[in-house]
Amino acid sequence: MNIAVDTLKASTRGAHWFKALTQGFKTVEGFPASIWVADGQLDQQAVRVIAVVQDSNNLFPRAKQGEVGLLEGWSLAKAVNEVIQADIHSETKRAILCLVDVPSQAYGRREELLGIHQALAGAVDSYARARLAGHPIVSLLVGKSMSGAFLAHGYQANRIIALKDSGVMVHAMGKESAARVTLRSVDELEQLASSIPPMAYDIESYATLGLLSELLSVENPEQPTNDDLLLAKQAIAQAFKEINAEQSRGLEQRLHGQNRKMSKKVRELLREQWS
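Numbers 330 to 604, taken from this note's numbering, label the letters of the sequence shown in order.
Just so you know, these hints were derived from the structure itself, not from any lab. Bear in mind the structure is a predicted one, so any value in this text is a computation, not a measurement. Treat the hints loosely; a few may be bogus.
[As the list claims (entries may be wrong)] Below are the DSBU-like pairs computed for lysine-lysine, each with C-alpha atoms no more than 30 Å apart in a straight line:
no.	residue 1	residue 2
1	422	504
2	422	393
3	393	407
4	570	593
5	593	504
6	393	355
7	355	422
8	348	422
9	593	355
10	504	393
11	407	590
12	355	504
13	407	422
14	348	562
15	593	393
16	493	393
17	590	504
18	422	562
19	407	593
20	504	493
21	393	348
22	355	562
23	355	407
24	570	504
25	422	570
26	493	570
Starting from the given sequences, assemble the full structure and let the hints guide the process.
Okay, structure coming up:
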């Protein structure tokens, strides 16, 4: 099933936010047209900014609208590995900012035959190794953050910040696809999801699960205004400072959401049994 069919018009949010946030940055060459990478400074913090964008000329048709496919997975891994290797002997680690606007991973016969699971796993592994090596990683969700695409690009961050907007959502699949799988109409699915936060599509419900560090209310989520940029930069810079001040490089802070009580309880019981 191709989740991307739910999004007939490719989003340009990621591209707009990337261009706005990386003014004055140095573009990093050597990546496919669907992967944008730039190096610069954000509030005296060296940072690499990475985004997945649409590429209508992508060699793989299933990855033309911003999906994370074979090229994207391995290229994300490359972009992050470059940072790890460059700072391997440095006490001060460069930060990484993930701009997330991804409708899905790329579904297709070629992707399955050529191992998209390996490509996405390579990206996840690189982000996780960077975080564990001390690189502060922040993800800014400006659009859809769906399925395996979000797992490969953004989910491994120390902090996840999201725009408070209906166009920003985190889920395993799009509404139309989920409705087909559950044999419901979209309206019936939305009604069901409204009472079950993990199934809901609004970003406010997702925030109750404890995975977001902050929600930002902006004037124009499609094309950020100067005030929007200032707000985002301040939030990102503050997140980097907090991460650098912490001893832990894990993700345990995600268990403190109001709808994660049972997750914490299960972990406590398992810990008691296994200790």
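Given the hint that residue 422 pairs with residue 504, test it: the Cα-Cα distance must not exceed 30 Å.
Since the Cα atoms of residue 422 and residue 504 sit roughly 39 Å apart, the hinted pair is violated (cutoff 30 Å).
Compare the distance between the alpha carbons of residue 493 and residue 393 with 30 Å, and conclude whether the hinted pair is satisfied.
27 Å, holds
Does the alpha-carbon distance linking residue 355 and residue 422 stay inside the 30 Å limit?
It holds: about 18 Å lies between the C-alpha atoms, which stays within 30 Å.
Do the alpha carbons of residue 504 and residue 393 lie within 30 Å of each other, as the hint requires?
20 Å, holds
Are residue 348 and residue 422 close enough, with their CA atoms no more than 30 Å apart?
It holds: about 24 Å lies between the C-alpha atoms, which stays within 30 Å.
Mind checking the alpha carbons of residue 570 and residue 593 for me, to see if they're no more than 30 Å apart?
Distance of about 27 Å is within 30 Å: holds.
Verify the proposed pairing of residue 593 with residue 393, using a straight-line Cα cut of 30 Å.
40 Å, violated
Hint consistency between residue 422 and residue 562 [alpha-carbon to alpha-carbon, up to 30 Å]:
Holds. Residue 422 to residue 562 sits at ~19 Å (cutoff 30 Å).
Can the restraint linking residue 407 and residue 590 be considered satisfied, given a maximum Cα separation of 30 Å?
At roughly 37 Å apart (the allowed maximum being 30 Å), residue 590 and residue 407 break the hint.
Restraint check for residue 393 with residue 407, where alpha carbons must lie at most 30 Å apart
With a Cα-Cα distance of about 20 Å, the restraint between residue 393 and residue 407 holds, given a limit of 30 Å.
Holds or violated: residue 422 and residue 393, Cα atoms, limit 30 Å.
33 Å, violated
For a C-alpha distance cap of 30 Å, please report whether residue 355 and residue 407 respect it.
17 Å, holds
Hint compliance for this structure: hints 1, 2, 9, 11, 12, 15, 19 and 24 are not met, and every other hint is.
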